[in-house]
Amino acid sequence: MKLPPFEYACPATIAEAVALLAAHNGEAKLLAGGQSLLPMLAFRVAAPSLLVDLGKLSELRQIRVADEGVTIGAMVRWRDVLAHAQLHAAHPLLVAAVQHVAHHQIRNRGTIGGSLAHADPAAELPGVAVTCDADITVVGRAGERVIAARDFFRGPLMTALKADEIITEVHLPAWPARRRFGFCEFARRRGDFALAAAAVFYDPDGAGHVHNAHIGAIGVADAPLRLAQVELVINGRALDDATIARAEAAASAAVDPADDIHASGAYRKHLIGVMVERALRSAAG
Amino acid sequence: MSGTRDITVTVNGATYPVSVEPRLLLVDFLRHTLGLTGTHVGCEHGVCGACTVLVDGDSARACLMLAIQADGRSIDTVEGLGRIGQMNALQESFHTHHALQCGFCTPGMLMTATDLLQKYPLATDDDIRRGLSGNLCRCTGYEHIVRAVRAVVDKRKAAP
Chain A
1 MKLPPFEYAC PATIAEAVAL LAAHNGEAKL LAGGQSLLPM LAFRVAAPSL LVDLGKLSEL
61 RQIRVADEGV TIGAMVRWRD VLAHAQLHAA HPLLVAAVQH VAHHQIRNRG TIGGSLAHAD
121 PAAELPGVAV TCDADITVVG RAGERVIAAR DFFRGPLMTA LKADEIITEV HLPAWPARRR
181 FGFCEFARRR GDFALAAAAV FYDPDGAGHV HNAHIGAIGV ADAPLRLAQV ELVINGRALD
241 DATIARAEAA ASAAVDPADD IHASGAYRKH LIGVMVERAL RSAAG
Chain B
1 MSGTRDITVT VNGATYPVSV EPRLLLVDFL RHTLGLTGTH VGCEHGVCGA CTVLVDGDSA
61 RACLMLAIQA DGRSIDTVEG LGRIGQMNAL QESFHTHHAL QCGFCTPGML MTATDLLQKY
121 PLATDDDIRR GLSGNLCRCT GYEHIVRAVR AVVDKRKAAP
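So the sequence lines, in the order shown, correspond to chains A and B. The numbers in this note's numbering rise by one with no breaks, and the one at position 162 of the first sequence is 162. The numbers in this note's numbering rise by one with no breaks, and the one at position 129 of the second sequence is 129.
Extracted from the complex, chain A is given alone in its bound form (with noise of 0.2 angstroms):
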């Protein structure tokens, strides 16, 4: 499938693509990795009048690792992620989940701001940064705004992005050292979208009883999802079988998916239950 025609301008600042993107009302798109715009595109699906080539801003290629966390810039690629020598220590289940995203040549072009953007129910970036409290900086002619990222999914591929708006950096707060995580995922191919998936997290207190769980969900309703009720199941209590179990039923009931060409809802409903179990087996160690 050939693409629709479009104009294509490819800015060297940041400044000059929000006027762009203003001047265009919403008729224009952001390229960044294109990794989902173009087949979005070959199918019809998207059909901009124009096309503004992020691949000049090279300021949103940064990747910082400090004190109060990892700040990730928008044009940073899978590969760069997985490829950063701090980052698995910095934020392993970031790595871990990135692990997961596509193949080999979509993780060499896909980025962080184009998955964040594009906003699929089932990708792992969205889960990631709902379950991690993430905040997204964007900029517009109104100036800059951070979201947060619980604030930041609207639905499948809508976010709280306006249409002047630009993704710069996503911010991962700290990862303390002693913090215990797992992430599953369940697709019937390796490198396909994710049926379901579990991403999850908590600090271990003294007793090594369950302290400020983050359970997220992945591919089971129209955006990311924290699962409180799972939380408050294994809050204040020892990962034994009978908490993981109960924590399992929890995830099950706390969501409702619905029937799509991939999978039944009552499938989805059953399988992140079996996502969360493992990802917790697997925090738990």
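A portion of the hints provided could be inaccurate.
[As the list claims (entries may be wrong)] From the derived model, a few chain A residues whose C-beta atoms are all more than 10 angstroms from chain B: (1) Thr13; (2) Leu20; (3) His24; (4) Gln86; (5) Ala89; (6) Ala96; (7) His118; (8) Val146; (9) Ala163; (10) Trp175; (11) Gly208; (12) Gln229; (13) Leu232; (14) Ala249.
[Stated by the list, open to error] Label pairs and their computed distance ranges (CB to CB): (15) Ala14/B / Glu144/A: 38 to 46 angstroms; (16) Gly82/B / Ala249/A: 53 to 61 angstroms; (17) Tyr120/B / Gly140/A: 37 to 45 angstroms; (18) Ser19/B / Arg154/A: 39 to 47 angstroms.
[What the hints assert, rightly or not] Interface residues of chain A toward chain B, partial, derived using beta-carbon atoms under 8 angstroms: (19) Met1; (20) Gln35; (21) Leu51; (22) Gly55; (23) Asn108; (24) Arg190.
In short, the hints are calculated from the structure, not lab data. Beta carbons are placed, not taken as given, at the ideal position from N, Cα and C, and that holds for glycine.
With chain A held as given, fit chain B onto it using these hints.
Below, chain B alone, put in the same frame as chain A:
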């Protein structure tokens, strides 16, 4: 209709100043504009991997990239690996191990494997399978392709 734009792209070491429509895909630029038909067009939406080329040394799907995005970049295609009678070690290994039947996926397999071989130790067959997961083959069942890549890794280890 949008007009054309002037770009300069290096392909297999040769530099081409060309004029392209913004919507032209890199794979169609390679095949139609330059006549390099070794890179195959399969699904045209980023699923099959038949169009894999190297962009500044990293494997990428040429159907998920615009030619205009290749401005100032260096592209390597299967034509750059070797030629009939002068195949490189990976191509020889595909031949020896019967790693192709119809050959449609082969250019993409070769380019992805080239990227994997230059970046990773590929210590286990699972590493090779994981690396090639973005390339579909409908003939071989993959076993012989993994064997062909494995043989190159082993030979490299034997003669560092």
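Results for each hint:
Under the 10 angstroms C-beta cut-off, the non-interface status given to Thr13/A relative to chain B holds; the minimum distance is some 18 angstroms. Every beta carbon of chain B lies more than 10 angstroms from that of Leu20/A, the smallest distance being close to 14 angstroms; the non-interface claim holds. Distance check for His24/A against chain B: the nearest CB is about 14 angstroms away, which clears 10 angstroms, and the non-interface claim stands. Look at Gln86/A: its CB is around 19 angstroms from the nearest CB on chain B, clear of 10 angstroms, so calling it non-interface holds up.
No Cβ of chain B approaches the Cβ of Ala89/A within 10 angstroms, the least distance being about 21 angstroms, so the stated non-interface status holds. Annotated as non-interface, Ala96/A keeps its C-beta farther than 10 angstroms from every C-beta of chain B; the closest such distance is 15 angstroms. With a cut of 10 angstroms on Cβ distances, His118/A stays outside the contact zone with chain B, its closest approach being about 13 angstroms. Listed as outside the interface, Val146/A is consistent with that label: its C-beta sits roughly 30 angstroms from the nearest C-beta of chain B, beyond the 10 angstroms cut-off.
The beta carbon of Ala163/A is kept farther than 10 angstroms from every beta carbon of chain B, the shortest such distance being approximately 21 angstroms. A cut-off of 10 angstroms between C-beta atoms confirms that Trp175/A is not in contact with chain B; the least separation is 26 angstroms. Gly208/A, annotated as away from the interface, keeps every beta carbon of chain B farther than 10 angstroms; the closest lies near 33 angstroms. Every beta carbon of chain B lies more than 10 angstroms from that of Gln229/A, the smallest distance being close to 35 angstroms; the non-interface claim holds.
Distance check for Leu232/A against chain B: the nearest CB is about 37 angstroms away, which clears 10 angstroms, and the non-interface claim stands. With a closest Cβ-Cβ approach of about 33 angstroms to chain B, Ala249/A is found to remain outside the 10 angstroms limit, as its non-interface label requires. Range check, Ala14/B to Glu144/A: Cβ separation about 44 angstroms, and the 38 to 46 angstroms hint holds. At about 58 angstroms, the beta-carbon gap between Gly82/B and Ala249/A stays in the expected band of 53 to 61 angstroms.
In this structure the supplied range 37 to 45 angstroms holds for Tyr120/B paired with Gly140/A, their Cβ-Cβ distance being about 40 angstroms. Between Ser19/B and Arg154/A the CB atoms are about 41 angstroms apart, so this pair conforms to the stated range of 39 to 47 angstroms. With a cut of 8 angstroms, the hint placing Met1/A at the interface with chain B holds, because the nearest CB-to-CB distance is about 5 angstroms. Interface restraint check: Gln35/A against chain B, minimum CB-CB distance 6 angstroms, threshold 8 angstroms, status holds.
Given hint, Leu51/A at the interface with chain B, holds; its Cβ is 7 angstroms from that chain's nearest Cβ, closer than 8 angstroms. Look at Gly55/A: its Cβ gets to within about 6 angstroms of chain B, closer than 8 angstroms, so that hint holds up. Satisfaction of the interface hint for Asn108/A is found here, the shortest Cβ-Cβ separation to chain B being roughly 4 angstroms, below the 8 angstroms cut-off. Residue-level restraint check for Arg190/A holds (minimum Cβ-Cβ distance to chain B is 4 angstroms; threshold 8 angstroms).
Checked against the numbered hints given earlier, this structure breaks none of them.
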